[in-house]
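**Q** Single-letter residue listing:
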Amino acid sequence: SQTIHQWPATLVQPVGSPLSLECTVEGTSNPNLYWYRQAAGRGLQLLFYSIGIDQISSEVPQNLSASRPQDRQFILSSKKLLLSDSGFYLCAWSVYGGAKNIQYFGAGTRLSVL
Amino acid sequence: DQQVKQNSPSLSVQEGRISILNCDYTNSMFDYFLWYKKYPAEGPTFLISISSIKDKNEDGRFTVFLNKSAKHLSLHIVPSQPGDSAVYFCAASAINDYKLSFGAGTTVTVRA
Numbered sequence: 004s005q006t007i008h009q010w011p012a013t014l015v016q017p018v019g020s021p022l023s024l025e026c027t028v029e030g031t032s033n034p035n036l037y038w039y040r041q042a043a044g045r046g047l048q049l050l051f052y053s054i055g056i057d058q059i060s061s062e063v064p065q066n067l068s069a070s071r072p073q074d075r076q077f078i079l080s081s082k083k084l085l086l087s088d089s090g091f092y093l094c095a096w097s098v099y100g101g102a103k104n105i106q107y108f109g110a111g112t113r114l115s116v117l
Numbered sequence: 358d359q360q361v362k363q364n365s366p367s368l369s370v371q372e373g374r375i376s377i378l379n380c381d382y383t384n385s386m387f388d389y390f391l392w393y394k395k396y397p398a399e400g401p402t403f404l405i406s407i408s409s410i411k412d413k414n415e416d417g418r419f420t421v422f423l424n425k426s427a428k429h430l431s432l433h434i435v436p437s438q439p440g441d442s443a444v445y446f447c448a449a450s451a452i453n454d455y456k457l458s459f460g461a462g463t464t465v466t467v468r469a
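Taken in sequence, the protein lines are chains E and Z. Residue numbering for the first sequence follows my numbering, starting at 4 and increasing by one per position. Residue numbering for the second sequence follows my numbering, starting at 358 and increasing by one per position.
Bound conformation, chain Z alone:
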């Protein structure tokens, strides 16, 4: 059962514009949420995270928003750059759980 869902498999955006990636989850016990970025043939790299006690976390061009009531989070990338072209994974973990549940990923392509 997929507890973390990324319903958009791909996203194409023009360089300089905003990229918005969405993620939904079903497990109400999730309290920590992460975004990873992955290039082909490489391991995922941690990008940004947010705790359930917050609704926004910002790090440079990357901002993650959390809507607990809707069980929804999003990642905003502003402005988008060619190097942002990659697969982005949403992940979540529950309190005292060692494991992460991952979404299927969204492939972002930034057009020049």
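Here chain E stands alone, though its shape is the one from the complex:
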């Protein structure tokens, strides 16, 4: 069966520090991968998605970047965090070319920028 791992679960970082959140998927090949952010009391905002290695699309201009160094690994980064980067970050995957676009989510990372 497929599983998705996301870490760390909680992170407290000072303003101006770098960020690296990692997500890996097991049990499937060539998945579509996604990064979302949920701000407090709000819905899910798509940040990045990837349909293959080095194929990454950005949905919202911001202080963040994403990379996919391996087929089942997706990394969210920032060189210098802003206060507004605080939020709940979610990684998700879906079957590449699947007829049903069902996305499966990781447990999320709570990021607090102070």
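Rather than coming from a laboratory, the hints here were simulated on the basis of the structure. There could be a bad hint or two in this list.
[Stated by the list, open to error] Pairs of lysine-lysine residues, derived as DSSO-like cross-links and limited to a Cα-Cα distance of at most 27 Å, are as follows: (1) Z/K425 - E/K103; (2) Z/K413 - E/K103; (3) Z/K428 - Z/K362; (4) Z/K413 - Z/K428; (5) E/K103 - Z/K411.
Following the hints, position chain Z against chain E.
**A** Coordinates of chain Z only, in the frame set by chain E:
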């Protein structure tokens, strides 16, 4: 531009009664619709979905209804249980699109 809208931010229902969650969409290219359930500090979990070629899909206590002409879908939970207390997100995707558009969510509270 919010293409998927959940106009009720919260819903309170008594245990054993029916919960009805509503969702409206504006993009006529959407052909696949999903509901997710989310507990605090956890990722959303897939609940149920429906294709645009159907108007109803049922899975146990959960039923999703789709009205394409009205661009409206709803999720019925019968009977509601305390464990159903969570945030429910409606989502939609268009043909050959990798992305999902999410609504803002409805927080359901099931009272004992």
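**Q** Are the hints correct? Go through all of them and say.
**A** Here is what the structure says about each hint:
| no. | hint | result |
| --- | --- | --- |
| 1 | Z/K425 - E/K103 | 18 Å, holds |
| 2 | Z/K413 - E/K103 | 16 Å, holds |
| 3 | Z/K428 - Z/K362 | 11 Å, holds |
| 4 | Z/K413 - Z/K428 | 14 Å, holds |
| 5 | E/K103 - Z/K411 | 14 Å, holds |
Of the numbered hints listed earlier, not one is contradicted by the structure.
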